[in-house]
Amino acid sequence: MKKKIDVEYIANLARIRLNGKDIKSFSGQLDDVISYIEKLNSVDTKDTPPTTHPLPITNIFREDEVRESLSVEKVLANAPEKRDTSFKVPKVVEGE
Amino acid sequence: MPNDLYKLTAYEIRELIKKRDVSPEEAASSFSDRIGRIDDKVNAFISYDKENIKEELKRIKGKEAGALYGVPVAVKDNICVEGRLTTCGSKILEGFKPPYNATVIENLRREGAIVIGRANMDEFAFGSSCETSCYGPTRNPWDLERIPGGSSGGAAASVAAGEAAISLGSDTGGSIRQPAALCGVVGMKPTYGRVSRYGLIAFASSLDQIGPFARDMRDCALLLNVISSYDPKDSTSVDRKVPDYTNALVNDIKGVRIGIPKEYFIEGIDAQVKDSVSSAIKLLEKLGAKVDEVSLPHTDHAVSTYYIIGPAEASSNLARFDGVQYGLRAKGPLLDMYKDTRAAGFGDEAKRRIILGTYVLSSGYYDAYYLKALKVRTKMREDFEKAFESFDCIVTPTSPTPAFKIGERVDDPLSMYLSDIFTIPANLTGIPGVSIPCGFAETDLPIGLQILARPFNEEMLIRVGYTFQENSAFHKKRPRL
Numbered sequence: 230m231k232k233k234i235d236v237e238y239i240a241n242l243a244r245i246r247l248n249g250k251d252i253k254s255f256s257g258q259l260d261d262v263i264s265y266i267e268k269l270n271s272v273d274t275k276d277t278p279p280t281t282h283p284l285p286i287t288n289i290f291r292e293d294e295v296r297e298s299l300s301v302e303k304v305l306a307n308a309p310e311k312r313d314t315s316f317k318v319p320k321v322v323e324g325e
Numbered sequence: 007m008p009n010d011l012y013k014l015t016a017y018e019i020r021e022l023i024k025k026r027d028v029s030p031e032e033a034a035s036s037f038s039d040r041i042g043r044i045d046d047k048v049n050a051f052i053s054y055d056k057e058n059i060k061e062e063l064k065r066i067k068g069k070e071a072g073a074l075y076g077v078p079v080a081v082k083d084n085i086c087v088e089g090r091l092t093t094c095g096s097k098i099l100e101g102f103k104p105p106y107n108a109t110v111i112e113n114l115r116r117e118g119a120i121v122i123g124r125a126n127m128d129e130f131a132f133g134s135s136c137e138t139s140c141y142g143p144t145r146n147p148w149d150l151e152r153i154p155g156g157s158s159g160g161a162a163a164s165v166a167a168g169e170a171a172i173s174l175g176s177d178t179g180g181s182i183r184q185p186a187a188l189c190g191v192v193g194m195k196p197t198y199g200r201v202s203r204y205g206l207i208a209f210a211s212s213l214d215q216i217g218p219f220a221r222d223m224r225d226c227a228l229l230l231n232v233i234s235s236y237d238p239k240d241s242t243s244v245d246r247k248v249p250d251y252t253n254a255l256v257n258d259i260k261g262v263r264i265g266i267p268k269e270y271f272i273e274g275i276d277a278q279v280k281d282s283v284s285s286a287i288k289l290l291e292k293l294g295a296k297v298d299e300v301s302l303p304h305t306d307h308a309v310s311t312y313y314i315i316g317p318a319e320a321s322s323n324l325a326r327f328d329g330v331q332y333g334l335r336a337k338g339p340l341l342d343m344y345k346d347t348r349a350a351g352f353g354d355e356a357k358r359r360i361i362l363g364t365y366v367l368s369s370g371y372y373d374a375y376y377l378k379a380l381k382v383r384t385k386m387r388e389d390f391e392k393a394f395e396s397f398d399c400i401v402t403p404t405s406p407t408p409a410f411k412i413g414e415r416v417d418d419p420l421s422m423y424l425s426d427i428f429t430i431p432a433n434l435t436g437i438p439g440v441s442i443p444c445g446f447a448e449t450d451l452p453i454g455l456q457i458l459a460r461p462f463n464e465e466m467l468i469r470v471g472y473t474f475q476e477n478s479a480f481h482k483k484r485p486r487l
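So the protein lines, in turn, are chains A and B. Using the working numbering, read the first sequence as starting at 230 and increasing by one per residue. Using the working numbering, read the second sequence as starting at 7 and increasing by one per residue.
You may find that some hints are simply not true.
Claimed, not checked - Computed cross-link-like contacts, DSSO-like style, restricted to lysine-lysine with a CA-CA straight-line distance of at most 30 angstroms:
1) Lys268/B / Lys268/A
2) Lys97/B / Lys320/A
3) Lys239/B / Lys317/A
4) Lys97/B / Lys317/A
5) Lys280/B / Lys268/A
6) Lys385/B / Lys233/A
7) Lys67/B / Lys303/A
In short, the hints are calculated from the structure, not lab data.
Generate coordinates for the entire structure from the input sequences, incorporating the hints supplied.
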């Protein structure tokens, strides 16, 4: 049977490294799931609008005023690495 | 007396404390001793610490006695408590201590509740068996070889086993109602928007809802009173007056119109579940309800719809776990850091769901899967709207089978997914639902009855559930441990 999902390619989009064993088992399992969910094609939805939200909601606005927020110390308390008042990360831009 | 306090309901404990017959310290120590005696077997808790309980007790000392004053509550480990480990059952959040409280925690504290411990769960709430937690599976208090249901398995088991009087879980596709059914307790998913999601670590934002576990309907109503609130910090929270839900504790269902959806009594449903649910429906009818068949034609498509929308939203929500701001971080240049952090931090089920969600949202597949699922979601909503024109509530089995054996479905995600078939529609449509104990399979495994109602009609669930409990004794039976 033709594979439905290229697990390695999608995992790369999702920024997850997979080993060979995972790729093999996930491919089989996810192909089963995708075959199952394709049952939806039998539902006629030609004139049906999509529902992104179960109940009607409206955006909540507030005045743009200065309010107390979390302190820098609290925000950085869980950081794997930090420097001064920032999260420290590996170099993002190449070159000097 | 004090040593047996763990056997009481939250209401009873609250009354004893109010009369000063027992102190909050005595109540807390009865539950924490119970945890010490049995949690090695049940594993309902990810973290539990006597020092934290002391701190909780100190916090309520001398405060005005609230609605849950001195009542020990277990909290699922995906709800943020400031300064306390909150892991979601995942290695990727190892050591994470939130910088703020979830709104439901603020609400609990305002009423004097004691957070007794953090309940075990499927990793990021992905599962129906509580087996995907990186802290090991929770075991069903009725049979330790079996699963408690999931994903809020620890929260359900802790109440069933007397390790907490009441607890908080979250329900995205049945994660409160299904474990409540399998552990023989009451579990409610309120209407979407009734309870603030602020501080609930998101799985699928359009489906998630926090809700109560309790031993009976009265405790469920008490806890719902406390956690329901309008919260400007959650843009999907609904600004609607919170009624006193205990007013719905009425032993009377005369004339209540109950619909029984024929699509829920399918092939594959366990015979004992079918029998118990049928007997429960007969009892409701005897008590004066008007019972009739109803059709929810798109039921068969609920699981497919859910396993597109749920993973799609999850893949987006879980992008934040990238090793930058909290939790685990792998070494290496940026891209390797991301990929290795997520490879090491997420378990298999989390990886599968993120990959599935990324796939259904990816270029070329979005219309075929995601958009299609959103349209079928509309169809399901229309099914319920139509049904509720003729009925006040809908009654179904909560789960097609009683608790299954640990390990039985771990390698077969599809069969695991199908265990949520009866609970998923309420999440897709936003309506409230509750599971109450309605029988036992022959090996003493609990069976649950699900009641569904119109949006914001939790009172109907409470009224029907309470009447059933006042006229039956299934909810009074406790596991031997």
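How the hints compare with the structure:
In summary, the hint linking Lys268/B to Lys268/A is supported, as the alpha carbons are separated by about 20 angstroms, within the 30 angstroms threshold. Proposed proximity of Lys97/B and Lys320/A is supported: the alpha carbons are some 25 angstroms apart, at most 30 angstroms. A threshold of 30 angstroms between alpha carbons decides the hint, and for Lys239/B with Lys317/A the separation of about 28 angstroms falls inside it, so the pair holds. Restraint check for Lys97/B and Lys317/A: satisfied, since their Cα atoms lie roughly 21 angstroms apart, inside the 30 angstroms limit.
Our distance criterion of 30 angstroms between C-alpha atoms is met by Lys280/B and Lys268/A, whose separation comes to about 26 angstroms. For the proposed pair Lys385/B and Lys233/A, the alpha carbon gap of about 27 angstroms is at most 30 angstroms, so the pair holds. Note on Lys67/B and Lys303/A: the hinted pairing holds, with a Cα-Cα distance of about 27 angstroms set against a maximum of 30 angstroms.
The structure shown violates none of the earlier numbered hints.
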